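With chain S held as given, fit chain H onto it using these hints.
Just so you know, the sequences run in chain order S and H.
The numbering used here applies: residue 37 is where the first sequence begins, and numbers increase by one.
The numbering used here applies: residue 37 is where the second sequence begins, and numbers increase by one.
What the hints contain is simulated information worked out from the structure, not anything from laboratory work.
This one's a predicted model, so the numbers in the text were calculated from it and none came from an experiment.
Virtual Cβ for every residue (Gly too), placed ideally from N, Cα, C.
Just so you know, not all the hints are guaranteed correct.
[As the list claims (entries may be wrong)] Below are the BS3-like pairs computed for lysine-lysine, each with C-alpha atoms no more than 27 Å apart in a straight line: (1) H:Lys345 with H:Lys153; (2) S:Lys445 with S:Lys84; (3) H:Lys502 with S:Lys445; (4) H:Lys445 with S:Lys502; (5) S:Lys153 with S:Lys177; (6) S:Lys277 with S:Lys213.
[As the list claims (entries may be wrong)] Distance ranges between label pairs, derived from CB positions: (7) H:Thr421 with S:Thr81: 51 to 61 Å; (8) S:Ala453 with H:Ala535: 54 to 64 Å; (9) S:Thr421 with H:Ser331: 33 to 43 Å; (10) S:Gly398 with H:Pro210: 45 to 55 Å.
There are 2 protein chains.
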Amino acid sequence: MTDSNLTRRRFLGTGAATGAAALIPASIAEADTRKTAHKTSRRATARKVDVVVVGAGLAGLQAARTLVAAGKSVVVLEARDRVGGRTKNHALGDNKVVEVGGEFVGPTQDYTLGFAKELGVGTYNAYLPLDSVYINASGQKSNYSGDLPSAGVLGTVDLITIVEQLDNLASQIPVDKPWTWEKAAEYDYATADALVRQLCPADPQGAIDLVNLFFDSAYGGIAAEVSALYVIAQVAGFGDKHNVGTIERGISSQGGAQNSRFVGGSQLLSTRAAEQLGKRVVRNAPVRSIAQSGSTATVTSDAGVWKAKRVIVAVPPALAAEINYAPLMPAIQDAMRRRMTLGTLMKIHAVYETPFWREDPGVWMALKVNGCVPEMFDNTPPEGTPGILMGFHGGHAWRQYANDPAGRKAAALSDFAEAFGERCLKPIDYFEQDWTSEEWSRGCPVSVVGPGVVTEFLPNLIVPFKLVHWAGTETATYWNGYMDGAISSGERAAAEVLAEL
Amino acid sequence: MTDSNLTRRRFLGTGAATGAAALIPASIAEADTRKTAHKTSRRATARKVDVVVVGAGLAGLQAARTLVAAGKSVVVLEARDRVGGRTKNHALGDNKVVEVGGEFVGPTQDYTLGFAKELGVGTYNAYLPLDSVYINASGQKSNYSGDLPSAGVLGTVDLITIVEQLDNLASQIPVDKPWTWEKAAEYDYATADALVRQLCPADPQGAIDLVNLFFDSAYGGIAAEVSALYVIAQVAGFGDKHNVGTIERGISSQGGAQNSRFVGGSQLLSTRAAEQLGKRVVRNAPVRSIAQSGSTATVTSDAGVWKAKRVIVAVPPALAAEINYAPLMPAIQDAMRRRMTLGTLMKIHAVYETPFWREDPGVWMALKVNGCVPEMFDNTPPEGTPGILMGFHGGHAWRQYANDPAGRKAAALSDFAEAFGERCLKPIDYFEQDWTSEEWSRGCPVSVVGPGVVTEFLPNLIVPFKLVHWAGTETATYWNGYMDGAISSGERAAAEVLAEL
Numbered sequence: 037m038t039d040s041n042l043t044r045r046r047f048l049g050t051g052a053a054t055g056a057a058a059l060i061p062a063s064i065a066e067a068d069t070r071k072t073a074h075k076t077s078r079r080a081t082a083r084k085v086d087v088v089v090v091g092a093g094l095a096g097l098q099a100a101r102t103l104v105a106a107g108k109s110v111v112v113l114e115a116r117d118r119v120g121g122r123t124k125n126h127a128l129g130d131n132k133v134v135e136v137g138g139e140f141v142g143p144t145q146d147y148t149l150g151f152a153k154e155l156g157v158g159t160y161n162a163y164l165p166l167d168s169v170y171i172n173a174s175g176q177k178s179n180y181s182g183d184l185p186s187a188g189v190l191g192t193v194d195l196i197t198i199v200e201q202l203d204n205l206a207s208q209i210p211v212d213k214p215w216t217w218e219k220a221a222e223y224d225y226a227t228a229d230a231l232v233r234q235l236c237p238a239d240p241q242g243a244i245d246l247v248n249l250f251f252d253s254a255y256g257g258i259a260a261e262v263s264a265l266y267v268i269a270q271v272a273g274f275g276d277k278h279n280v281g282t283i284e285r286g287i288s289s290q291g292g293a294q295n296s297r298f299v300g301g302s303q304l305l306s307t308r309a310a311e312q313l314g315k316r317v318v319r320n321a322p323v324r325s326i327a328q329s330g331s332t333a334t335v336t337s338d339a340g341v342w343k344a345k346r347v348i349v350a351v352p353p354a355l356a357a358e359i360n361y362a363p364l365m366p367a368i369q370d371a372m373r374r375r376m377t378l379g380t381l382m383k384i385h386a387v388y389e390t391p392f393w394r395e396d397p398g399v400w401m402a403l404k405v406n407g408c409v410p411e412m413f414d415n416t417p418p419e420g421t422p423g424i425l426m427g428f429h430g431g432h433a434w435r436q437y438a439n440d441p442a443g444r445k446a447a448a449l450s451d452f453a454e455a456f457g458e459r460c461l462k463p464i465d466y467f468e469q470d471w472t473s474e475e476w477s478r479g480c481p482v483s484v485v486g487p488g489v490v491t492e493f494l495p496n497l498i499v500p501f502k503l504v505h506w507a508g509t510e511t512a513t514y515w516n517g518y519m520d521g522a523i524s525s526g527e528r529a530a531a532e533v534l535a536e537l
Numbered sequence: 037m038t039d040s041n042l043t044r045r046r047f048l049g050t051g052a053a054t055g056a057a058a059l060i061p062a063s064i065a066e067a068d069t070r071k072t073a074h075k076t077s078r079r080a081t082a083r084k085v086d087v088v089v090v091g092a093g094l095a096g097l098q099a100a101r102t103l104v105a106a107g108k109s110v111v112v113l114e115a116r117d118r119v120g121g122r123t124k125n126h127a128l129g130d131n132k133v134v135e136v137g138g139e140f141v142g143p144t145q146d147y148t149l150g151f152a153k154e155l156g157v158g159t160y161n162a163y164l165p166l167d168s169v170y171i172n173a174s175g176q177k178s179n180y181s182g183d184l185p186s187a188g189v190l191g192t193v194d195l196i197t198i199v200e201q202l203d204n205l206a207s208q209i210p211v212d213k214p215w216t217w218e219k220a221a222e223y224d225y226a227t228a229d230a231l232v233r234q235l236c237p238a239d240p241q242g243a244i245d246l247v248n249l250f251f252d253s254a255y256g257g258i259a260a261e262v263s264a265l266y267v268i269a270q271v272a273g274f275g276d277k278h279n280v281g282t283i284e285r286g287i288s289s290q291g292g293a294q295n296s297r298f299v300g301g302s303q304l305l306s307t308r309a310a311e312q313l314g315k316r317v318v319r320n321a322p323v324r325s326i327a328q329s330g331s332t333a334t335v336t337s338d339a340g341v342w343k344a345k346r347v348i349v350a351v352p353p354a355l356a357a358e359i360n361y362a363p364l365m366p367a368i369q370d371a372m373r374r375r376m377t378l379g380t381l382m383k384i385h386a387v388y389e390t391p392f393w394r395e396d397p398g399v400w401m402a403l404k405v406n407g408c409v410p411e412m413f414d415n416t417p418p419e420g421t422p423g424i425l426m427g428f429h430g431g432h433a434w435r436q437y438a439n440d441p442a443g444r445k446a447a448a449l450s451d452f453a454e455a456f457g458e459r460c461l462k463p464i465d466y467f468e469q470d471w472t473s474e475e476w477s478r479g480c481p482v483s484v485v486g487p488g489v490v491t492e493f494l495p496n497l498i499v500p501f502k503l504v505h506w507a508g509t510e511t512a513t514y515w516n517g518y519m520d521g522a523i524s525s526g527e528r529a530a531a532e533v534l535a536e537l
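Only chain S is shown next, with the shape it has when bound in the complex:
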């Protein structure tokens, strides 16, 4: 327990022993790191800490920061050779990066904005004052401005009414316990597909085609897969305690969840946090088992064994279920996590010398119904070159091309060309990030729960399993599926643990 006491003294000394996340002074973090370095080298006997955190994504890192700030000894075991979970920077050379995972931040995402501020990571506008392109199911192309295609280009689909009705439903939901809503079963036993069709009797197929554009990136899925209640609850979470959630805030760029990007790329949030935590973060340490006996949890990873008073599992629920638990977790918790499959989502990037499309045809984003990349964005780094187009490739399109990488590339470039000009067919670089094939994510951006699951299972979502607590964006009330939900969940789980230690 020397390590624990040492850590506690040091951090009590900083006056930062609160439950809330606090900036760990870099000098102290470094000193502490050197002291504990030898403890995290490989050895056969179990090391002891107050808390083991499983996963060094934003949830796990913020849990660890909170615990360390409160004077607890912590180890963060990360399966990969990198931190950041579902955020990842791709190097473009010349110190430029582009994000191939979670990327954006916007108003009411105060956990993320605060986290970035503490770590000295700046933001910049992600949108451009240019037109957008909408390509309908028949291939007809129209320009529009603002965040949603205007009524004029949508034919018989009354998107405004659909959005208003969904917002109205979302406003009725208890955001932290959607299963207690009086209409919970009715909407949980229906799919989002069925709900959308019902909301647009004039053109149900047109409505679902349009909505699936957004489901492609939001769930890596199709509306037919998702509980309508889950969608409504997620909309309710597009806000904070002071701002009721709305679809507009969730899907918008200017003033919405895609308002800003991070200077240095979103993964910088995690790498900075991990730097501060120093040797407490152990990479290449997939956790294989968690055994609990009395007041001690024994966590076995490929990098060694740790004994702890509490464990915070901060990985996607479906992966959390794959760890070998002794005893097994309650069956309903296990069955629940197995029902929280992640979406099938890829980000596709094409690189050009310059973002020529900003001049000709003068657009910056595009939507293409039934496209290979149904949502396309100008994702050029803040330096202005190279020009980069990004397309979300998820849901139906992902499955269609899963066994056909050449076809996928050709179709993606064709979509880019249709929206941004013929020159897009000849990129100087092209890369794909398939989150579904990442061993330690198994999908992106978030777990997608089918009909029935919210009411039948999710009341068990954050119930601790003896000494094991649960974090990760899926466990958040606000901004579930976003970086903000990950960070808030880490704080919440750390607070639970601190209350017990």
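Relative to chain S, chain H alone:
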């Protein structure tokens, strides 16, 4: 390769080297077992076989039998300390047993009937010539005869019409490739809940309450969770090449899938098959990883390492996805298997001195809408005593009582008493088998796929992953989810492998 050659010679000598399952003469099996016994003891170096089979349920055992009959060397690695997978006998004393897992067999389940015949396992009628009880959502009790509650007791629900329409849809489906049906997307993107409500406009809630009685045991789930196409395809599979699938055959006792039970209990099929395979079956050998390089697969289990030319993974798809594969399986195969979550199902048994209900009130089975055990059966062993009642406890009820074992027991006994008489409140024994809490099943009776999954993923279901082939009841066309589907899938996978060796 000595083992392989030895095995091949022996079995070529029997003239049994065909792709079809063949009875392994017991004397030869025993002799071979002794020869190979030393090879399956624990040791550090890898052993070599032609084929590793993962899982000693009926699928894996039949795959192994087929391969051995064709002269191949085989090891079957079983995670548990027993064989039989989702079948399991519970000892009642005096050499009597009752099944707490898969139990019944009926017409067109020729793989199972043939398997039983080869292994000398007899059958007997599972039904009794007595009335059944139907307790509706208001608690009103009626008696009926035959397999389905008669129209008179169902109020406004026209069950016959619902069944006829579902049978009609099932008759249109290509049973081995439901995703190629012209209406596949339409029905796959809908839930069975939505379909049933549509088929009974006079009383949609009444219809879904009734249908969920059957979904409780058939899927360990509720109709809202399941793709309508998956249900229709499963109905299409309630038959064989000569008999189109019907709901009646699937849910009936007399003349249907629940027609007969096995003398000695259904698990006897697996224990007999395992006896014949002898030391080729290794228990307590959970497979942790499958590495493939060139023409060799290396399978690592808790009982040692085997190298093989081919591997047949014959465990539920969701568990197959948890093995560590190097390289990883194609992402769409992984994402598919993770979407094949097993139902949440328990079998509850109460034991009495005698089956008194056969005399008073003179009934043998019961259905109770929204019950704790919505489907109840007289499950007395063929010897006639003790009297045993069995209730399926799945889906909504399972989730409702997941954290309340005392409440579950009280509610189950209350349901038994309501249907079979007050004396049921005082059993002499009571036991539950919760398949969802079984580490190596994670649910029962079958994987349940949500809307969208059949068309978006299942075309990849039996596509081999390099040297790895797939078996298990979920991969069957006919009787998917039944013992028969497991056995046929084992033969199919073995035939695939034999074509490659």
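Going down the list of hints, with the structure as the test:
no. : hint                               : result
1   : H:Lys345 with H:Lys153             : violated (31 Å)
2   : S:Lys445 with S:Lys84              : violated (49 Å)
3   : H:Lys502 with S:Lys445             : holds (24 Å)
4   : H:Lys445 with S:Lys502             : holds (24 Å)
5   : S:Lys153 with S:Lys177             : violated (41 Å)
6   : S:Lys277 with S:Lys213             : holds (14 Å)
7   : H:Thr421 with S:Thr81: 51 to 61 Å  : holds (57 Å)
8   : S:Ala453 with H:Ala535: 54 to 64 Å : violated (44 Å)
9   : S:Thr421 with H:Ser331: 33 to 43 Å : violated (48 Å)
10  : S:Gly398 with H:Pro210: 45 to 55 Å : holds (50 Å)
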